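**Student:** Taken in sequence, the protein lines are chains C and V.
Quick note: the first sequence uses my numbering, first residue 4, plus one each step.
Quick note: the second sequence uses my numbering, first residue 4, plus one each step.
Do not rely on the hints blindly, as some may be mistaken.
Since copy identity is lost for identical chains, a pair holds within one copy or between any two.
[To be verified] Below, in silico cross-link-like pairs of lysine to any residue (SDA-like), each with a Cα-Cα straight-line distance of 25 Å or less:
no., residue 1, residue 2
1, Lys-316, Ser-172
2, Lys-346, Ala-68
3, Lys-235, Lys-305
4, Lys-346, Phe-62
5, Lys-235, Leu-202
6, Lys-316, Glu-103
7, Lys-316, Val-106
8, Lys-316, Leu-146
9, Lys-262, Arg-238
10, Lys-157, Gln-367
11, Lys-305, Glu-142
12, Lys-294, Glu-205
13, Lys-346, Ala-233
14, Lys-316, Pro-35
Just so you know, these hints were derived from the structure itself, not from any lab.
Here the structure is a predicted model, which is why all the values come from computation and not from measurement.
2 protein chains.
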Amino acid sequence: VSEEELAWRCECGAYLNCPPDAFRYDPNPALPGIWRYASSLPLERPDRPVTLGEGMSPFVSCDWAYNGGTARIHCKFDAISPTGSYKDRGIAVQVSRLRELGVQRIADDSSGNAGASMAAYCAAADIPCDIYVPEAASEAKCLQIAMYGANLVKVPGPRENAGTAARESAKGAYYGGHNWSPYYIHGIKTCSFEIFEQLGNEVPDNIVCPAGQGCTIRGAFFAFSEIMKAGKSARMPRIFGVQSEACPPLYEAWRRGEKKPHPIERKPTIAEGIASLVALRGDATLDVIAKSNGGMAAVSEKAIWEGLQQLAKKGLYVEPTTATALAGLTKFLEEGVIRPDEKTVVVLTGFGLKTTELIMRLRQNPPA
Amino acid sequence: VSEEELAWRCECGAYLNCPPDAFRYDPNPALPGIWRYASSLPLERPDRPVTLGEGMSPFVSCDWAYNGGTARIHCKFDAISPTGSYKDRGIAVQVSRLRELGVQRIADDSSGNAGASMAAYCAAADIPCDIYVPEAASEAKCLQIAMYGANLVKVPGPRENAGTAARESAKGAYYGGHNWSPYYIHGIKTCSFEIFEQLGNEVPDNIVCPAGQGCTIRGAFFAFSEIMKAGKSARMPRIFGVQSEACPPLYEAWRRGEKKPHPIERKPTIAEGIASLVALRGDATLDVIAKSNGGMAAVSEKAIWEGLQQLAKKGLYVEPTTATALAGLTKFLEEGVIRPDEKTVVVLTGFGLKTTELIMRLRQNPPA
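This is chain C alone, in the form it adopts within the complex (with noise of 0.2 Å):
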């Protein structure tokens, strides 16, 4: 299938992925953010990028009590990002590779943060959009997405249904989908250029991220695998994805031993941003967690809300959606699955400004 067709995936109906050979890390210190991984991103001209400043995010040690101990922790606080959230860095990618194919319209849909950076984005690149969002995404990413000027579809349903309406309308035009996006996930991985940078050019031995749709999961293998391919590294740390009790069908396969997501029944979460009934590359991204010697865990909604005040008490304000990682990380270490002496990397994919009506909510009424 050639991208001049701008086909969005292959006629078979599978999700489409660019040579992975394609790529080389090879940053240059002198470009700013994401942009100094242009050998790594799959564009004609990465010096002609759409940007908004993406990249270079902080990363903040701390420590990190459980019972039984405590740990230093690292984090990649990558919810401070022009829009608030990590998604940012593969929608300036996909965006930039989508205005050099000359698409004119883009419709994607999203349970809230890819939308406000789609939104973004497509308004920096002067691009009309259309988002499609679940009736109950959160109010502030909603506002968000509409002064970017898109156009602001609630889907009534479960997130699944969101994605239906964006292709369907899609029709002739383009379907954006980040999800099914060949290119959005090389915008994902600089994330892990940059643990391994900001860590000294060294490899943590464990990186712990929420699971929804796995991109921080296959992000982090791809740019390790980069890594070591370059030479600058050995080893591939060991990729741990945490998703929420309520909607776990990842973390079902992987408990199984199974190699596609595990139909389950979902229960509500606050957990919004993973809430993924179907994860569209599922597959792979049970086979990186394995071939990483990972791991997976399930928490409850009590520990996910217990993991975002912990942390807020360190001065990193996060979403529900992103504290799953910080419940897995305890559950992790009380467990000993990950040890209190290694290097462990969480990622902070969105922030608590995202979220203000519910985090309120949890505090007055909180997870028993």
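Given chain C's structure and the hints, the job is docking chain V onto it.
**Tutor:** Frame of chain C, contents of chain V only:
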């Protein structure tokens, strides 16, 4: 007055400053964020800072349309910071210094952003703090302050009452008001060091800032003075401050050629972060605007709201306080005070996500 006695002001009641000759612009590119400017910071041990990864915020260029033309402008998107506002630069330096001095508890007063920042950095430093805010402070900011674990005190009446309450409460303890602090401004000035470097070691023609207490303005003047002293440039940019017509004590003084903030009657404004009746260092702020051959403007609530919307459609989402600078920019361009072919930087101080509620109200009920 010696620092060891932990005075926060002179015995005569005046504010204190650090000796200006103590600082030298000599960036160390190997260090992260604002800590690369260690030689410009009032710290004994800048290698042991209280940090949340502040600094090196986005620098984004875009076209800005006004009645009569379009100018290419540069936005220093300093809202993209660990707590969502530019205050983090100043508070990181201030809290680092207060920890060096052995301060055990800090009280500050704020319209919201500095309070959130102080709460976060005190959390990171493990120093208890009390944050006094006006009762009308934004819900999102109050929640953020509380989540960091600070003791949040809402004080009825105008902004100034929060200051009085904080100073009275501090009693024997150290009052850590950021506006009174001699350290805070030296963190704020690093924003302009970055502007210089992000322009490729060039001084812009103009810098436009929202003006309340005037710290971005004085910070810019300090920074470019140090850059000149270091022989990296021979000139100072023109520095412009913008206030709301509803609360313009600095503008009214500037217009009249007075040396101190002019007494005014304050009206309600959506620019809550700069609704200061009393600018503590107002004399110094007016002085540096004059020395830089800059100027001031006062803008309507309607123009602020329009500036906010126009900027959001470039992918940059800010709070109304920040948009004051954009409304001012439009005015300066339309009046020919700033020419479109000049190199103009606007400092974007606070993230839109900080004021979701207010922006929602403005969409429903725009100012006439």
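**Student:** None of the hints should be skipped; say for each whether it holds.
**Tutor:** Here's how the hints hold up against the structure:
1. Taking CA atoms no more than 25 Å apart as the test, Lys-316 paired with Ser-172 passes between copies only; the shortest distance there is 23 Å, against 44 Å inside one copy.
2. For the homomeric pair Lys-346 and Ala-68, the shortest alpha-carbon distance inside one copy (15 Å) is at most 25 Å, but the shortest distance between copies (50 Å) is not.
3. Proximity of Lys-235 and Lys-305 under a CA criterion of 25 Å is satisfied in neither setting, with 41 Å inside one chain copy and 55 Å between copies.
4. For the homomeric pair Lys-346 and Phe-62, the shortest alpha-carbon distance inside one copy (13 Å) is at most 25 Å, but the shortest distance between copies (32 Å) is not.
5. With identical chains, the CA atoms of Lys-235 and Leu-202 are at most 25 Å apart within one copy only, with a shortest distance of 13 Å there and 32 Å across copies.
6. In this assembly of identical chains, Lys-316 and Glu-103 lie within 25 Å of each other by CA distance solely across copies; the values are 21 Å between and 44 Å within a copy.
7. For the homomeric pair Lys-316 and Val-106, the shortest alpha-carbon distance between copies (19 Å) is at most 25 Å, but the shortest distance inside one copy (44 Å) is not.
8. For the identical chains of this complex, Lys-316 and Leu-146 are inter-copy neighbours only, at 13 Å across copies versus 28 Å inside a copy, given an alpha-carbon limit of 25 Å.
9. With identical chains, the CA atoms of Lys-262 and Arg-238 are at most 25 Å apart within one copy only, with a shortest distance of 24 Å there and 64 Å across copies.
10. In this homomeric assembly, Lys-157 and Gln-367 come within 25 Å of each other (Cα to Cα) only across copies, at 18 Å, whereas the closest approach inside a single copy is 27 Å.
11. Within a single copy, Lys-305 and Glu-142 get their C-alpha atoms as close as 23 Å, and across copies as close as 24 Å, so both meet the 25 Å cut-off.
12. For a Cα distance limit of 25 Å, the shortest separation of Lys-294 from Glu-205 inside one copy, 20 Å, qualifies, whereas the shortest one across copies, 48 Å, does not.
13. Taking the shortest Cα distances, Lys-346 and Ala-233 sit within 25 Å of each other inside one copy (22 Å), while across copies they are farther apart (40 Å).
14. Within a single copy, Lys-316 and Pro-35 get their C-alpha atoms only as close as 31 Å, which misses the 25 Å cut-off; across copies the closest is 23 Å, which meets it.
Checked against the numbered hints listed earlier, the structure breaks hint 3 alone; every other hint is satisfied.
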